[in-house]
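Participant: These protein sequence lines map, in sequence, to chains C and A. Take the first sequence: its letter number 89 is residue 89 in the working numbering, and every next letter is one higher. Take the second sequence: its letter number 172 is residue 172 in the working numbering, and every next letter is one higher.
Calculated directly from the structure, the hints in this document are not laboratory data. Mixed in with the good hints, there may be bad ones.
Some chain C residues close to chain A (C-beta under 8 Å, calculated; not the full set) [claimed, not checked]:
(1) Glu37
(2) Glu38
(3) Lys44
(4) Asp48
(5) Pro76
In silico SDA-like cross-links for lysine to any residue, where the CA-CA straight-line distance does not exceed 20 Å [what the hints assert, rightly or not]:
(6) Lys86/C / Gly126/A
(7) Lys159/A / Lys86/C
(8) Lys74/C / Tyr10/A
(9) Lys84/C / Tyr10/A
(10) Lys74/C / Lys84/C
Some but not every residue of chain C turned toward chain A, in silico, with C-beta under 7 Å [claimed, not checked]:
(11) Ile9
(12) Ile17
(13) Arg21
(14) Asp47
(15) Leu50
(16) Ile62
(17) Ile66
(18) Arg67
(19) Lys72
(20) Lys73
(21) Asp77
(22) Lys86
(23) Arg88
As the structure is a prediction and not an experimental result, all values here were calculated from the model. Ideal Cβ positions, reconstructed from N, Cα and C, are used throughout, including at glycine.
Chain by chain, the residues:
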Amino acid sequence: MATNLFNWIRQNLFGQISCQRCLELLELMTDGEASPEEEAQFQKHIDDCLPCYETYNLEQSIKEMIRTKLEKKKVPDDLINSIKQKIRNTA
Amino acid sequence: MSVEKVKQNYSSREKDRIFEQEFLPHIGSMYNFAYRLTFDEDDAKDLVQETYLKAFRFLNSFQQGTNAKAWLFRILKNSFINDFRKKSKQPAKVDYQEVETFYNSEDVDVSMTTDLRVETVQHMIGDEVSNALNALAVDFRTVIILCDLEGFTYEEMSKILDIPIGTVRSRLHRARNLLKEKLQAYAKSMGYNK
C-alpha cells in the first residue's frame with residue numbers, strides 16, 4: 001500500500017514513468033534503440049528504482065555474454081579460394 | 001514490405017572491387033552465422049559458398065553505400081530457408097511446440113520472474129552460453145545472433161528477416177525470455193543461484 005502510494009506520487013507529481021513502462025523500454029535501451037526522450041525517462045526511473053535497475057543490469061550482462069563468450073569458429077582455409085574459383089569458372 | 005530494386009550496371013572491375021572489399025571481409029560473421037543455423041561445418045561451408053555465389057550473380061542489385069553485411073545476411077538467411085533446410089542432412093532442430101506457444105501468446109509479459117543473477121551470467125563459460133543458445137528454435141536463435149552478436153539494428157533485422165519491426169521486437173523479447181529460462185535451468189542444475 002505504501003509502495004503504491006509512493007509510486008503514485010512519483011508518477012503523478014514528479015513525472016516518473018511506471019515500472020511497467022520502464023520494462024517496456026528496457027530492451028530498446030539495451031539495444032541502443034531508444035529515442036533521447038525515452039532514454040531520459042528511463043534513466044530517471046532507474047536512478048530511483050532498484051528492481052528495474054537490477055533487471056537492466058541483467059539484460060545488459062546477458063547481451064554482453066552473448067557478444068563476448070560465444071566461441072567464434074575459424075573460417076576454413078580453403079573457403080575463400082574455393083568461392084573465387086567457382087566465380088571464375090562461371091564468369 | 002517493398003524493397004526498392006534499382007539495378008546497377010557495374011563494370012567487371014567494379015564488381016571485383018565490391019566483392020573483395022565489401023563482401024569478403026564479412027566471411028567470418030557469415031560462416032559463424034551459417035554454423036549456428038546448421039550445426040555442421042560442411043553444411044555451413046556450403047551455405048556460405050552458395051551465398052557468396054548468389055551475391056556475385058546478383059551484384060547489380062546491390063547499391064553501393066548501403067549495408068553490405070545486412071545484404072549478405074539476408075541472402076544467407078533466404079538460402080538457408082529456401083534451399084538448405086530441405087536438402088540438409090540434419091534437419092534444423094525446431095521445437096515447434098515451443099515456437100507455437102510463444103508465437104500465439106499475444107500478451108507480451110514484461111514482468112521478470114527469473115531469479116537469474118548478473119554474477120551467474122558473468123561466470124558462465126562459452127560452452128554453457130552456446131548450449132543455451134543452440135537449444136532455442138531457429139527463429140529465436142536467429143534474432144539473438146543478429147542483434148546481440150552481430151549488432152544489427154531493428155531496422156536492419158527487419159529487412160534481413162522480411163518481417164515488420166514490431167515482430168522483430170516481440171520475437172527478440174520472447175527469444176530472450178526463453179534464453180533466460182535455459183540459463184536459469186542450467187544455473188540451477190549446476191547448483192548456482194542458491
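Participant: If you check each hint against the structure, which ones fail?
Facilitator: Checked against the structure, the hints that fail are numbers 1, 2, 3, 4, 6, 7, 8, 11, 12, 13, 14, 15, 21, 23, while the rest are satisfied.
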